[in-house]
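K.L.:
Mapping of the sequence shown onto the UniProt record's numbering: position 212 corresponds to residue 212, and the numbering continues sequentially without gaps.
Derived from the structure by calculation, the hints contain no laboratory data. Errors might be hidden in some of the hints.
Mimicking SDA-like on lysine to any residue, the simulated pairs with C-alpha atoms at most 20 Å apart in a straight line are [as the list claims (entries may be wrong)]:
| id | residue 1 | residue 2 |
| --- | --- | --- |
| 1 | Lys25 | Arg67 |
| 2 | Lys145 | Asp162 |
| 3 | Lys25 | Ser71 |
| 4 | Lys113 | Ala130 |
| 5 | Lys128 | Val102 |
| 6 | Lys34 | Ala130 |
| 7 | Lys103 | Arg67 |
| 8 | Lys113 | Thr70 |
| 9 | Lys34 | Asn48 |
| 10 | Lys34 | Thr70 |
Derived DEER-like restraints, expressed as beta-carbon distance ranges [to be verified]:
| id | residue 1 | residue 2 | range |
| --- | --- | --- | --- |
| 11 | Pro28 | Lys128 | 33 to 41 Å |
| 12 | Leu163 | Glu97 | 34 to 42 Å |
| 13 | Lys128 | Gly68 | 29 to 37 Å |
| 14 | His101 | Arg67 | 15 to 23 Å |
Note that beta-carbon positions come from the ideal geometry of N, C-alpha and C, so glycine has one too.
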Amino acid sequence: MGTSSSTARKGSNLEVIPQWVYTVKVPPEMMTDKFASCSDGMTQVGPNTVSRTRHGAFDTDGARWCRGFTSGKHTFEVVYPMNQRGTVAAVGVGVEEAPLHVKGRVALVGNNKFSWGICLRSRRAFHKGAIVKKFPATQVYLPDKFYMYLDADAGLIQFGSDLDYYGTAISGIPRNQPLYPMVSATIQGATITMVYRGQGSFDGPPPGQQIIVITPNQPAVIQHAQVPLGPQGGEAAPPPLYQEKPPTAPAEGAGTSADEAPAQEKQ
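All chains, full assembly: derive it from the sequences and hints.
P.N.:
Below is the structure:
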């Protein structure tokens, strides 16, 4: 999927999909990348999968990817089922000093000065424990499977799925230290899978294709065929992880409200 019209109207708040996401390929040296560090409440159940094994819901446990990035544009496929997110579930990036455990239920990725992330339940972006903004702007829930786009050249993280592009969650991330993809969970049994889908090779669009744009008040507009937002040219990438049902909002009372910050919930 590429572009025929990639310029947003002034004042329209349209955000164009970064075209490099259609060009990603997995470099040979990154084909075996995986989770490398977990808190003592997380267990690595596979190279790309971690599960929270700690009893109780008044701690937050995290896991960190094996490789940090100071440059390049990178795509990660994340499977984080809605029914395993509890009241606080976070994904994003952090430097090596970012903690992997904290007491209380928090959006761990983004809860300190060492990390930047989004809470999938409250639909907020966080840094230093403070809300950066509502995310996504449409306030939809990200589905079970989604993509995180790390642009280490520009210092930002963006998100999309097979049918939607949600836009930039956080920008202005310092580029003076390697940024490691991270996840966190608060409920026992939460199982999260992450796969490196590749590195973008250029900024221009593939010829003859269309874009998806999104506004704060409308869903993503998919022009022509509904082509997945995952990597389109990475023959070395592994096959899709997961086939999901269309996302639905969590049951009433299952998580935080749209206007409630998940910053800290202690017993």
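K.L.:
Each hint needs a verdict: does it hold in this structure or not?
P.N.:
Each hint, compared with the structure:
1. Lys25 <-> Arg67: Status holds; Cα separation ~16 Å.
2. Lys145 <-> Asp162: holds (8 Å)
3. Lys25 <-> Ser71: The given pair, whose Cα atoms are some 15 Å apart, holds under the 20 Å limit.
4. Lys113 <-> Ala130: Between Lys113 and Ala130 the Cα gap is close to 10 Å, so the pair holds against 20 Å.
5. Lys128 <-> Val102: holds (14 Å)
6. Lys34 <-> Ala130: violated (29 Å)
7. Lys103 <-> Arg67: violated (26 Å)
8. Lys113 <-> Thr70: holds (17 Å)
9. Lys34 <-> Asn48: The given pair, whose Cα atoms are some 5 Å apart, holds under the 20 Å limit.
10. Lys34 <-> Thr70: Satisfied, since the Cα-Cα distance of roughly 18 Å is no more than 20 Å.
11. Pro28 <-> Lys128: 33 to 41 Å: holds (37 Å)
12. Leu163 <-> Glu97: 34 to 42 Å: 36 Å Cβ-Cβ, so the 34 to 42 Å window holds.
13. Lys128 <-> Gly68: 29 to 37 Å: violated (20 Å)
14. His101 <-> Arg67: 15 to 23 Å: holds (21 Å)
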